[in-house]
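Given chain X, work out where chain V should sit, using these hints.
Keeping their order, the protein sequence lines are chains X and V. Just so we're aligned: 43 in our numbering is position 43 of the first sequence, and the numbers increase by one with no gaps anywhere. One rule links them: number in our numbering = place in the second sequence (from 1) + 1000.
Just so you know, not all the hints are guaranteed correct.
As the list claims (entries may be wrong) - Sample of chain X residues with no beta-carbon within 10 Å of chain V, all distances over it, derived:
1. V18
2. T23
3. Q25
4. T26
5. F45
6. R59
7. E77
8. L99
9. G104
To be verified - Stretch-level coverage of chain V by chain X, calculated; a stretch enters the list once three of its residues show a Cβ under 8 Å from a Cβ in chain X:
10. 1008-1022
11. 1029-1043
12. 1102-1108
Stated by the list, open to error - Calculated lysine to aspartate or glutamate pairs in the DMTMM-like style (CA-CA distance at most 25 Å, straight line):
13. V:K1013 x X:D68
14. X:K81 x V:D1001
15. V:K1071 x V:E1030
16. V:K1071 x V:E1056
17. X:K81 x V:E1030
18. V:K1070 x V:E1030
19. V:K1003 x X:D82
20. V:K1003 x X:D39
21. V:K1018 x V:E1056
22. X:K81 x V:D1107
23. V:K1070 x V:E1056
24. V:K1003 x V:E1072
25. V:K1070 x V:D1028
26. V:K1003 x V:E1062
27. V:K1057 x V:D1038
28. V:K1055 x V:E1072
29. V:K1057 x X:E5
30. X:K81 x X:D52
31. V:K1018 x V:E1079
32. V:K1003 x V:E1030
These are computed hints drawn from the structure, not numbers from a lab. Everything numeric in this text was worked out from a predicted model, so none of it was measured. Note that beta-carbon positions come from the ideal geometry of N, C-alpha and C, so glycine has one too.
Spelled out from the first residue to the last, the chains are:
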Amino acid sequence: GQSLEQPSEVTAVEGAIVQINCTYQTSGFYGLSWYQQHDGGAPTFLSYNALDGLEETGRFSSFLSRSDSYGYLLLQELQMKDSASYFCAVRGNTGFQKLVFGTGTRLLVSP
Amino acid sequence: DVKVTQSSRYLVKRTGEKVFLECVQDMDHENMFWYRQDPGLGLRLIYFSYDVKMKEKGDIPEGYSVSREKKERFSLILESASTNQTSMYLCASSLQTRGNQPQHFGDGTRLSIL
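Isolated chain V (complex conformation):
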């Protein structure tokens, strides 16, 4: 089974801090994704990566950056955390093939910015 591990289940940070969320997958997947999930808004894509050092903006990239230095690890960075970034953050990975490949999700990090 694919395992996607997010470094923290719960995290509390202060406004203005630089925050790192880490995600590791163990299935050699090319694609990795970061979403945020808010009530009534579903999952919204922040950034994704299709290869080491490659990244693409999703639908809501403002205030975030990402890093993918190794294939198995994808980091989400909040450059200067703000209260409106309080949310559940979900990481996912998938294979890159011509056909459909399901995304495999981690358990999420519930981030509170005070």
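Just chain X, same shape as in the assembly:
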């Protein structure tokens, strides 16, 4: 089976940097993805890591360590609009694009 753990809630202030961690246990591993979901909205894809290291996309970066079964999403220069839920998701070693999602981290950004 597969399971992912992430903190339930993180708070930060505008302009700060915040890191959302994700640890996973999987029988196979093909990559770690991150999705953002605003209240009442659809989840949207943010980033993907298949190999160890840091992937940067603007203010957001994602890191993966396969040996530690660990990854994180780093959000810099936080803005109020970054208040949302963030989900990590693992793709197992299958031929399908099937994901297992974590329970989500709610990020609250205050002024």
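Frame of chain X, contents of chain V only:
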């Protein structure tokens, strides 16, 4: 942009009814998925389909079935709705390639079973 459209934003049904949730995507994606989302539990996969008439069980398929008669449409069926199926239901689609392909989600259907 990929558009995934779910037929209803809100739906109220009664216990024992047969309920159909419809999802349509406009990008010729091979894969389509149905999830339910509950507070504290994240997104859990109910069923997915990788081609017309093909389906695979996800992690929580009990009490549900699916239909994919056309590539663009994926239906979730609650055979006999029960109160514990009250939830937010999300449909998603993606391309089927060897590399990673992001899933594109619809806005969800909030289903209440009374």
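(Q) Are any of the numbered hints broken by this structure? If so, which, sorted upward? (A) 5, 8, 9, 10, 13, 17, 26, 30
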